[in-house]
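Participant: Two chains, two separate frames, one set of hints: put the complex together.
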Amino acid sequence: KAGVTQTPRYLIKTRGQQVTLSCSPISGHRSVSWYQQTPGQGLQFLFEYFSETQRNKGNFPGRFSGRQFSNSRSEMNVSTLELGDSALYLCASSLVQGQRNEQFFGPGTRLTVL
Amino acid sequence: QKEVEQDPGPLSVPEGAIVSLNCTYSNSAFQYFMWYRQYSRKGPELLMYTYSSGNKEDGRFTAQVDKSSKYISLFIRDSQPSDSATYLCAMSVSSGSARQLTFGSGTQLTVLP
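Residue numbers (the numbering used here), protein chains in the order written: chain A, 977 to 1090; chain B, 6 to 118.
So that you can see chain B by itself, here it is in the shape it has in the complex (with noise of 0.2 Å):
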């Protein structure tokens, strides 16, 4: 089992559609969660960064993140074509050690116009 588990979709939503990404993780020692977006024959994009249980909002994206449950999410209001992406989710274990990421294996998403 993967310690870091998301759904590969491919996901197509139609524009202004609100989009929900979710990874799930079983490593209870991950405090760091982050979500990138990498679009085609790109590096990753840092989108989200929290540390903490709760909900981070930054303009059209929200990130989620339930430690209890081990859940993480990403929710995209008001979704644009230019959103078309893979999304990928990443953890890490402590900032006062080494900066380790583990990452889901992405979600394609299409908006469509």
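Okay, chain A solo, but in the shape it has when bound (with noise of 0.2 Å):
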């Protein structure tokens, strides 16, 4: 089974812009998550999304957003970005059954903000 994916792998962006981040699950997991890793504030969650629906939000700026498709695949979007915003940006999915919710990790995108 192929694991979870994130496109691009690389992002330089300047300061005010925004950026789109995308991932796709492994096949017949229903759940993505989304985590910012910094080498300050370690993982941090941002928000989880299940069949369609955000289903939990962490402690981020409303300039953090997401979405989530039919097919499970999920977009994560950063408008006005600022200098503090340059992290891995790490996507997980899960099947979500029973006690099965093990989280698995893509390989993240990097995004440097200049």
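It should be emphasised that the hints constitute simulated quantities derived from the structure, not laboratory data. Wrong hints could be hidden among the right ones.
Derived BS3-like pairs: lysine-lysine, alpha-carbon spacing no greater than 25 Å straight-line [claimed, not checked]: (1) 7(B) with 1033(A); (2) 47(B) with 989(A); (3) 61(B) with 72(B).
Facilitator: As structure tokens, this is what we get:
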């Protein structure tokens, strides 16, 4: 089975721009979560989507948004980029079946904001 | 105080050593416990997943959960240079609701040949 895929793998943007990141979950997985990883704050939860609905949201400003499509693929958007948004953005998918809630991560998109 | 505390290391051991990695947590609602391994510039890789107290073994890896002490551990036997990575503990509240993981800060491990 193919793993979680994320595109693009690397991005360079300037302050004030916006960016869209894409995530394709493992086949059959209906839940997609997004995380931000920085050296200072570590891995922090952004939000989770399940069946095209946002189920939970972390403590991030409204500039961070996302959506999920009917095929479970998800996109994350960051508007009005700030220097502090430079990070590795990770997507994780989960089967969601009984106690089976393991989250499997993709390789991430490394965003650099100049 | 962070919900999940993890010694950041770095931890350096000789090949073949037994490695012990630990996390403590403050939120008694955490029910699901995971260990991830992350190589440099890669995404985290799930190593162990458990939702009960006690031990779970998988090959050279053993995960231990003590909910009464709010303490989890990962033991690596016969450590190999390929085990050199950052190890992250993660926890979540419930399977029925949203799947939000809270991570420790990670322990950087180096296994010397």
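Participant: Now look at each hint and say whether the structure bears it out.
Facilitator: Hints and how they fare:
no.	hint	result
1	7(B) with 1033(A)	18 Å, holds
2	47(B) with 989(A)	21 Å, holds
3	61(B) with 72(B)	14 Å, holds
Hint compliance for this structure: no hint is broken.
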